[in-house]
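Participant: Chains A and B, in that order, give the protein sequences. At position 51 of the first sequence (counting the first as 1) the number is 51 in this note's numbering, and the numbers step up by one without a gap. Convert by adding 109 to the 1-based position in the second sequence; the result is the number in this note's numbering.
If you are wondering where the hints come from, they were derived from the structure by calculation, not from laboratory data. It cannot be assumed that every hint is accurate.
To be verified - In silico contact screen, one side only, chain A against chain B (beta carbon under 8 Å); selected entries:
no., residue
1, G16
2, S20
3, T24
4, F34
5, Y39
6, L46
7, A68
8, Y71
9, S84
10, R92
11, G93
12, I96
In this text the structure is predicted, and so the values were computed from the model without any measurement. Every residue, glycine too, gets a C-beta built ideally from N, C-alpha and C.
Each chain, written out:
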Amino acid sequence: QKEVEQNSGPLSVPEGAIASLNCTYSDRGSQSFFWYRQYSGKSPELIMSIYSNGDKEDGRFTAQLNKASQYVSLLIRDSQPSDSATYLCASRGSYIPTFGRGTSLIVHP
Amino acid sequence: DVKVTQSSRYLVKRTGEKVFLECVQDMDHENMFWYRQDPGLGLRLIYFSYDVKMKEKGDIPEGYSVSREKKERFSLILESASTNQTSMYLCASSSTGNFRSYNEQFFGPGTRLTVL
Numbered sequence: 001q002k003e004v005e006q007n008s009g010p011l012s013v014p015e016g017a018i019a020s021l022n023c024t025y026s027d028r029g030s031q032s033f034f035w036y037r038q039y040s041g042k043s044p045e046l047i048m049s050i051y052s053n054g055d056k057e058d059g060r061f062t063a064q065l066n067k068a069s070q071y072v073s074l075l076i077r078d079s080q081p082s083d084s085a086t087y088l089c090a091s092r093g094s095y096i097p098t099f100g101r102g103t104s105l106i107v108h109p
Numbered sequence: 110d111v112k113v114t115q116s117s118r119y120l121v122k123r124t125g126e127k128v129f130l131e132c133v134q135d136m137d138h139e140n141m142f143w144y145r146q147d148p149g150l151g152l153r154l155i156y157f158s159y160d161v162k163m164k165e166k167g168d169i170p171e172g173y174s175v176s177r178e179k180k181e182r183f184s185l186i187l188e189s190a191s192t193n194q195t196s197m198y199l200c201a202s203s204s205t206g207n208f209r210s211y212n213e214q215f216f217g218p219g220t221r222l223t224v225l
């Protein structure tokens, strides 16, 4: 059974801090990894994709991948209240991704 | 930009009705997916399609069927709606691409279905 595990949270951080979101995956054959942001009542929105070990930066977001440890993380720098949402981690081996259940992030002023 | 659209944002139906949910994508993607999302249960795959007229069952296909007559369109059908099918339904699409490509899924806005 392929699984992606995330802490459900909520993770609460003050405005301006770094938010660190983590997930682990079970399928060693996974090739690509994704982070989605989902606001309450809305659909998931893709914010980061990564398939190579190491870091990938895009604006305030950094995705980190460690295939040896089967670990993916998302760092959000200078967190804003508008970043408050649920963040879904996903891994893809074939063309069907496996999603985690998401981590709720709350950024308080 | 990839665009995935769904026929309705909100839908209210009665038990026993036949319900059609439609999804259209404009990026020539090979793969299309239907999920439902319920609090505490995450995204659950109902059906997916990797080509026109092809379909595969996902994790929870019972009570649902699908149709893909054109590459850009993927329909979800509830033959006889029941109250336990009240949920948020999400359509997604992705390309097949090559081994090193991301093949990300892009989601439509979702349909909040209520079955009374």
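Participant: With reference to the structure, classify each hint as holding or not holding.
Facilitator: Outcome of the hint check:
Contact between G16 (chain A) and chain B, as hinted, is not supported at the beta carbon level, the nearest pair being about 30 Å apart and thus beyond 8 Å. Interface hint at S20 (chain A): violated, since its Cβ lies 21 Å from the closest Cβ of chain B, which is beyond the 8 Å cut-off. Given the 8 Å rule on beta carbons, the hint for T24 (chain A) is violated: about 15 Å separates it from the nearest Cβ of chain B. Annotation: interface hint on F34 (chain A) holds; nearest CB of chain B at approximately 6 Å, less than 8 Å.
Proximity of Y39 (chain A) to chain B is violated relative to the hint, the smallest CB-CB distance being about 11 Å (cut-off 8 Å). Interface hint status for L46 (chain A): upheld, as the beta-carbon distance to the closest one in chain B is roughly 5 Å, under 8 Å. Interface restraint check for A68 (chain A): the shortest CB-CB distance to chain B comes to about 19 Å, outside 8 Å, so the restraint is violated. Among the interface hints, the one on Y71 (chain A) is violated; its C-beta lies about 19 Å from the nearest C-beta in chain B, farther than the 8 Å criterion.
Hint status for S84 (chain A) relative to chain B: violated, with the closest Cβ pair at about 17 Å, above 8 Å. About 6 Å separates the beta-carbon of R92 (chain A) from the nearest beta-carbon of chain B, less than 8 Å, and the hint is met. Of the supplied interface hints, the one on G93 (chain A) is violated, with its beta-carbon coming no nearer than about 11 Å to a beta-carbon of chain B, more than 8 Å. Satisfaction of the interface hint for I96 (chain A) is found here, the shortest Cβ-Cβ separation to chain B being roughly 6 Å, below the 8 Å cut-off.
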